[in-house]
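Trainee: Read top to bottom, the protein sequences are chains A and B. First residue of the first sequence: 1, per our numbering; consecutive thereafter. First residue of the second sequence: 1, per our numbering; consecutive thereafter.
Simulated from the structure, these hints should not be mistaken for lab results. Treat each hint with caution, since some may be false.
[What the hints assert, rightly or not] Chain A regions said to be covered by chain B (calculated; three or more residues, Cβ under 8 Å):
hint, stretch
1, 92-98
2, 113-125
3, 278-286
[Stated by the list, open to error] Simulated crosslink set (BS3-like; lysine-lysine; CA at most 25 Å straight-line):
hint, chain 1, residue 1, chain 2, residue 2
4, A, Lys182, A, Lys140
5, B, Lys64, A, Lys87
6, B, Lys4, B, Lys64
7, B, Lys64, A, Lys186
8, A, Lys308, B, Lys4
9, B, Lys64, A, Lys308
10, A, Lys168, A, Lys12
11, B, Lys4, A, Lys311
12, A, Lys64, B, Lys133
C-beta atoms are modelled at their ideal positions from N, C-alpha and C, and glycine is treated no differently.
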Amino acid sequence: MNGAEILIDGLKREGVDTIFGYPGGVVIPIFDVLYSTKDIKFLLTRHEQGATHAADGYARSTGKVGVCLITSGPGATNTITGIATAKLDSSPIVVISGQVATGNIGTDAFQETDMVGLTRSICKHNYLVKDVGDLPRIIKEAFYIARTGRPGPVSIDIPVDVANAKLKNYSYPETVSLPGYKPANKGNNGQVKKLADALAHAQKPLLYTGGGIISAGATDKLLQLIDKTQIPVVVTLMGLGSVPFDHPCFLGMPGMHGRVAANKALVDCDLLIAVGVRFDDRITGPRHTFATQATVAHIDIDPAEIGKNVKTDIPIVGDAKTVLQQLIEKVNPRSKNSWNERTEFWKEKYPLSYKNNGNDSVNPQYVIERLNEFVNDDSIIVTDVGQHQMWSALYCQYRHPRKFLSSGGLGTMGFGLPAAMGAAVANPDTQVVCISGDGGIQMNIQELATCAINRIPVKVIVLNNAFLGMVRQWQDLFWDKRYAQVCLQRGTDCPDECHGPSGNCPPQYLPDLVKVAEANGMAGYRAKTKAEVDEVLKKGLAEEGPVLMEFFVNREENVFPMVSAGKPLSDMMMGD
Amino acid sequence: MVEKHTIIVTVLNSIGVLARVSGLLSQRGYNIESIIGAPTEDPNVYKISLVVEESDEHIEQIIKQLNKLIDTVRVMDISHKDNYIVREYIILKLEVKEKNRTDLFHLMQVFKANPIDVATDHVIMELAGTPRKIDRFIEMVRPYGIQEYIRSGEFAMAEYQLPKKGENKNGD
Ligand SMILES: Cc1ncc(C[n+]2csc(CCOP(=O)(O)OP(=O)(O)O)c2C)c(N)n1
Ligand SMILES: [Mg+2]
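With these hints in hand, go ahead and build the complete structure from the sequences.
Mentor: So, in structure tokens, the structure goes:
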């Protein structure tokens, strides 16, 4: 067998059923093997970034490793954003790139880039295969590393001569031998006991949980723990869905655009039990102001996360599912106390709200509220990045893990559409909705063609405010409305300084997204008024294939609540 | 407290492993004062000694991040630890005037520095010892006029058997 055949055989043995990718000179030998492979589906995207996000969406929605295959040089560099996105959200993908022949490495050969060097800081591990004899081991290790411990992207760079090289006596390894890689599983019993004791004495305990719960498949354990202890819980963007939005103990997402109850609870708690989170600055605000009154316990599989941003009193390294089980066994049942009452009071006193002008204009939040009526608990919602992402996180009604996918850590505009496509390919019987902005949709809009031609039934919703809304919001609130380069409607006739839409704005907004959808052979609908919202959602979501639904929403709507950058969580703006 | 730490990283001898270690430190904004890597008695294992000057919290983070590398087998911060032999090596070129030469040679004898090349206008010498001894030697010969020197950076060896990775990696 040659390297290319070994690769495909290895992928099959790893259970790969789908590859997202794009061909090129040095990967022809591998594509040639795929050409006559029946059990792996290949999805040709329109851009390598799309392929990487699609593999990521596949991984996030299933928990399985997503795979993409691309060529060297520009193909490889086009995957960088996707790899970094997967890294920051701990999503397991394996990116296989072609490379120039080993003899040409280092000569600035045609389409040579140093993939190992480029990806070093943005992947969990990476490989350059210099000898076909190493290939079986490397494939085995790559998949093992990607999916175990704290999951993450792994890159395998395969020179074309290695893909062509023959290997006698090929056998695929059954096990890996990685003396330097031993992901933790069980938490230290003494530490778990210490946490259980701290809980017994705490008056105001709070759970703060994130993506680690979903990666570890620990949702049930978390709910069991909450059941037994009635501890209120705040859930990060990455963890949304692990606790149903209507669970009585759920206080919502915390942080910069978090719910008031969630942030107030973080400020006031006396015992913070953090599980599978990393104390991101978008959640903590200035670190020295965060949960100052609390004893902090942190459960995480990655020891490097513990104590990285916030001082931890009870560190527990381990797999969230295992450690939560240990904790459930050790904790005393707890019933609701005045702290629970207070958190519930906050929830009631500070509901999500937005101002409706009373006219027929469309509040973006309204579109999502209406969308909730058209989707079910099984539907997968994928967002892009910006205001619409925060509104989705706040207003969507998630009840299950792996049903709300969003680029959290890197905040990658352009993630939504291809990730939704990957999720739809992985879950053919599930409704997949992508909620995007008019900015973000254009960052990987080429994948509409991929969806249309392959009949991948992604339902794309664009909340069109003709602004790079999230940046405009900052300019609005903190930069004196100096709207520098955030207006997507801006034309050459516009005055140099613009502080917002006026009667003189150019009449045209480009591109006409409905026509773009139609040009791609898919249905497109548009709602310009509140009255049209339901109609468009109804028609759009009833389409069998992919569809784009565009909503012209209030241009200058802001996301609230908000904590300004650099301010503590106690300092929330509620909007009007 | 910000101070110098000497960290010994035992890694698998894989492609680009030195770049992984040094890249990790620069990526996270830590300054490396010195770094050396060399093969060991075990052909699969490579040892990297690095010196960084950082606060205690940063050192803790550095050690955890180094441990996180798939190729890392063990990380030891040997600062303030007994039972470690720490050494450094220096080659140094001094300008010497006729009248200073005897004095200098006397000093070299005291420090056990070896002359390598002695010429009419300069002397090249080598010296191995603790980093402190090397610092002191540089200080002492500076008045003669240093033309150039190169230090190896620190490297070290434990006098006893080191614990295996898992024991210090997971911290509990
Ligand atoms: C690739 C990329 N470039 C720039 C940014 C910075 N950024 C964050 S949100 C945002 C605006 C997004 O605009 P749009 O997609 O229209 O969404 P909206 O905020 O209007 O809902 C920008 C430019 C980013 N997150 N990602
Ligand atoms: Mg917008």
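Trainee: Could you run down the list of hints and mark each one as holding or not?
Mentor: Now for the hints, and whether the structure bears them out:
1. 92-98: violated (count 0)
2. 113-125: holds (count 6)
3. 278-286: violated (count 0)
4. A:Lys182 with A:Lys140: holds (16 Å)
5. B:Lys64 with A:Lys87: holds (17 Å)
6. B:Lys4 with B:Lys64: This hinted pair holds, its Cα atoms lying about 17 Å apart.
7. B:Lys64 with A:Lys186: holds (19 Å)
8. A:Lys308 with B:Lys4: holds (20 Å)
9. B:Lys64 with A:Lys308: This hinted pair holds, its Cα atoms lying about 10 Å apart.
10. A:Lys168 with A:Lys12: holds (20 Å)
11. B:Lys4 with A:Lys311: Answer holds: Lys4 of chain B to Lys311 of chain A is near 23 Å, not above 25 Å.
12. A:Lys64 with B:Lys133: violated (56 Å)
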